[in-house]
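Following the hints, position chain G against chain C.
There are 2 protein chains.
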Amino acid sequence: MQVVCEGLDLCDAVITVSRAIGARTTNPILEGIKIVADEDVLTLSATDLELSIEKKIKAEVKVEGEVVVPGKFFSELVKKLTNEKIELKLNENNLMKIKYTDSETVLQCFPVYEFPSFQKLDSTDFFGVSKKNFKNLISKTTFSVALDDARPILKGCLLEIEDGKVKAVSLDGYRLALSVQKIKESNLSVSVVVPAKSLNEISKLLDDEDEIINIYLQRNFMMVDLNDCIITTRLLEGDFINYKQIIGNEFDTKITVNKKQLEDALERASLLSKIGQNNFVQFDLRDKLLSITSRSEIGNARENLNIVFGGKELVIAFNARYFMDALKVIQDEFINIKFNSAQNPCVITPFEGEEERYLFLILPLRPMGAM
Amino acid sequence: MQVVCEGLDLCDAVITVSRAIGARTTNPILEGIKIVADEDVLTLSATDLELSIEKKIKAEVKVEGEVVVPGKFFSELVKKLTNEKIELKLNENNLMKIKYTDSETVLQCFPVYEFPSFQKLDSTDFFGVSKKNFKNLISKTTFSVALDDARPILKGCLLEIEDGKVKAVSLDGYRLALSVQKIKESNLSVSVVVPAKSLNEISKLLDDEDEIINIYLQRNFMMVDLNDCIITTRLLEGDFINYKQIIGNEFDTKITVNKKQLEDALERASLLSKIGQNNFVQFDLRDKLLSITSRSEIGNARENLNIVFGGKELVIAFNARYFMDALKVIQDEFINIKFNSAQNPCVITPFEGEEERYLFLILPLRPMGAM
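As you go down the protein sequences, you meet chains C and G in turn.
For the first sequence, this note's numbering assigns the number 1 to the initial residue and increments by one for each residue that follows.
For the second sequence, this note's numbering assigns the number 1 to the initial residue and increments by one for each residue that follows.
Just chain C, with the same shape it has in the complex:
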């Protein structure tokens, strides 16, 4: 292998594929980045066996070939060479010479046969969605997946593709997040569960453009095609929880509140509540007024907010963090929150527009902080 490429292109590709390298790897080859030189293209790829990312850049290929470089070192080096032309030349014994300016580094590389081969998808099952909308879908749901391994399926987001829409759902036993986006060019009707970790890495590679990307589904894999970059992730096996029965539809109290004001008030109130346990804050709901109170051994806070109020007065307690996590991913100026009793979850939905765009459900805490 002998190629010349631009440092900036190589750096960009290395940063992109490095997202698939796990933080704690026991197998050294999984810390590697595979480089294939073929015609006038350099293809870089990396994988942690769950997520794989492949990226192509232009290069002047003098001799075709392939090699696996130590990922961390190679990435640190090319990050310092973004203004240079870089020549990569593979010698015998997997020694690769990296030439730049008047200098060079010789690197001991891995043999390619040790590197896991990629799942190649040839599925015709796909749906189109804009980058912006898919990024939005991910941001509204992955934060509420389960973090522990007690029920592995809950570490993923359910994606339901149906009726020209993709619906994402995640839940961790204390809260549920649901988000819906339109899709294009698809008659698919299928449900899969995607690891939240993979979705978060995919999200980092998406921007807020309206450009449509295609997402392919096949057996136990999902593939996102960004043209010069292909991201493949394993799906989680097993049945997701029947989330529809969790979301009730009878509510005795309904309020409309300014999202930012509620978020600011909760942030301040939780400065005290986070000192204690459970991040316990109490909502006191009455006509026109929401009072949020919190306390710890160093003091107590009362935040008062104007609201539009309907239904029965109610006193109910929450973990402030769960509320703030949901509010953080909402862009709307006003939101609706519906309550039933102090023992039942509340539901946050949009104030206007399509009611179905998103829904966040949060279980209450028992008054006085006892679960």
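These are computed hints drawn from the structure, not numbers from a lab.
Any given hint might turn out to be false.
[As the list claims (entries may be wrong)] Below 30 Å or equal to it, Euclidean Cα-Cα: the simulated DSSO-like pairs (lysine-lysine) are: (1) C:Lys56 with C:Lys89; (2) C:Lys120 with C:Lys132; (3) C:Lys80 with C:Lys120; (4) G:Lys80 with C:Lys288; (5) C:Lys260 with G:Lys89; (6) C:Lys260 with G:Lys80; (7) G:Lys58 with G:Lys85; (8) C:Lys328 with G:Lys79; (9) C:Lys80 with G:Lys288; (10) G:Lys155 with G:Lys120; (11) G:Lys254 with G:Lys204; (12) G:Lys132 with G:Lys197; (13) G:Lys274 with C:Lys72; (14) C:Lys85 with G:Lys328; (15) G:Lys182 with G:Lys120; (16) C:Lys155 with C:Lys259; (17) G:Lys85 with C:Lys288; (18) G:Lys97 with G:Lys155; (19) G:Lys259 with C:Lys79; (20) G:Lys79 with C:Lys80; (21) G:Lys80 with C:Lys259; (22) C:Lys254 with G:Lys80; (23) C:Lys259 with G:Lys97; (24) G:Lys259 with G:Lys155; (25) C:Lys80 with G:Lys254; (26) G:Lys274 with C:Lys85; (27) G:Lys260 with G:Lys312; (28) C:Lys79 with G:Lys288.
For chain G alone, coordinates are given in the frame of chain C:
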């Protein structure tokens, strides 16, 4: 005490004085911020017993008084209230009510008598120096103080005030840094040793302006007067090392090199050397060419640089980090480096202008990484 002030002013003052609160405090009162309301001024102060910072802001004082608030919580709260008017009202039992918008937090505060009283300096021994120059002096020296407690005096910088100049010197047994700046309005001739930690905090409160500030010296204290902000630090007791005898003046090899090119080359070479021990890099000096080599089990690097060369050829090894630390604080485009033998330290000085502006001395490593 009852006062009203602007959230932004209060926030700025709290952030400033919080720099004097130590990271690990065993005495809770030292985590506090003292607030004194007097006439139309609110004075905030904090101390870790070595460094004290006091800052004044304007306020509408309705009832004079004083209190010590829990620093961390108070600072987190006021950071979230920068757009609001804030009222502070001290009730009995050291309970302080903080009112903002329609909301309020009640905070359990500390009695003022528990807070350490500040050293009041009334010295007439002072020198004037521009903020920019004092900041520069600090940045060029504090990085090379000793970090361990073996010789406490080496955790400080020597400041020699003499002949209308202030000279700062620090050393840790492996390297030495020296920097000189002009001072104003002073016939002082005195040497003190200031804790590097205090100097670094002072530096963060300085900007790059030419405005002159006055620095007072008295007994075991130094005080920096920034008008609305007073910083006081204890001095270290004991004799500093006679640094002049460390800096030799016979050199057999002298080179001139582009500072940025040398820095970039060392950064890349040290990617390999930092994997091993000592961050060992070897300099090979000959006519017109400096070659820097490094190696580890995963590879080896050779960085070639054009230099202006004079004297004997030389092969000498260094800890790359010590070199990079010094280069990082130099703004000049070109520097001189003088060498004697592979066993003697090298000396980095300015290429042009006043030779005395700065000097960095670095001890070599023995070839092959053995100390």
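Evaluation of the provided hints:
no., hint, in the structure
1, C:Lys56 with C:Lys89, "holds (18 Å)"
2, C:Lys120 with C:Lys132, "holds (26 Å)"
3, C:Lys80 with C:Lys120, "violated (33 Å)"
4, G:Lys80 with C:Lys288, "holds (24 Å)"
5, C:Lys260 with G:Lys89, "holds (27 Å)"
6, C:Lys260 with G:Lys80, "holds (13 Å)"
7, G:Lys58 with G:Lys85, "holds (12 Å)"
8, C:Lys328 with G:Lys79, "holds (18 Å)"
9, C:Lys80 with G:Lys288, "holds (24 Å)"
10, G:Lys155 with G:Lys120, "holds (25 Å)"
11, G:Lys254 with G:Lys204, "violated (36 Å)"
12, G:Lys132 with G:Lys197, "holds (19 Å)"
13, G:Lys274 with C:Lys72, "holds (13 Å)"
14, C:Lys85 with G:Lys328, "holds (25 Å)"
15, G:Lys182 with G:Lys120, "holds (27 Å)"
16, C:Lys155 with C:Lys259, "holds (28 Å)"
17, G:Lys85 with C:Lys288, "holds (24 Å)"
18, G:Lys97 with G:Lys155, "violated (42 Å)"
19, G:Lys259 with C:Lys79, "holds (20 Å)"
20, G:Lys79 with C:Lys80, "violated (37 Å)"
21, G:Lys80 with C:Lys259, "holds (16 Å)"
22, C:Lys254 with G:Lys80, "holds (28 Å)"
23, C:Lys259 with G:Lys97, "holds (26 Å)"
24, G:Lys259 with G:Lys155, "holds (28 Å)"
25, C:Lys80 with G:Lys254, "holds (28 Å)"
26, G:Lys274 with C:Lys85, "holds (25 Å)"
27, G:Lys260 with G:Lys312, "holds (24 Å)"
28, C:Lys79 with G:Lys288, "holds (28 Å)"
Checked against the numbered hints above, the structure violates hints 3, 11, 18, 20; every other hint is satisfied.
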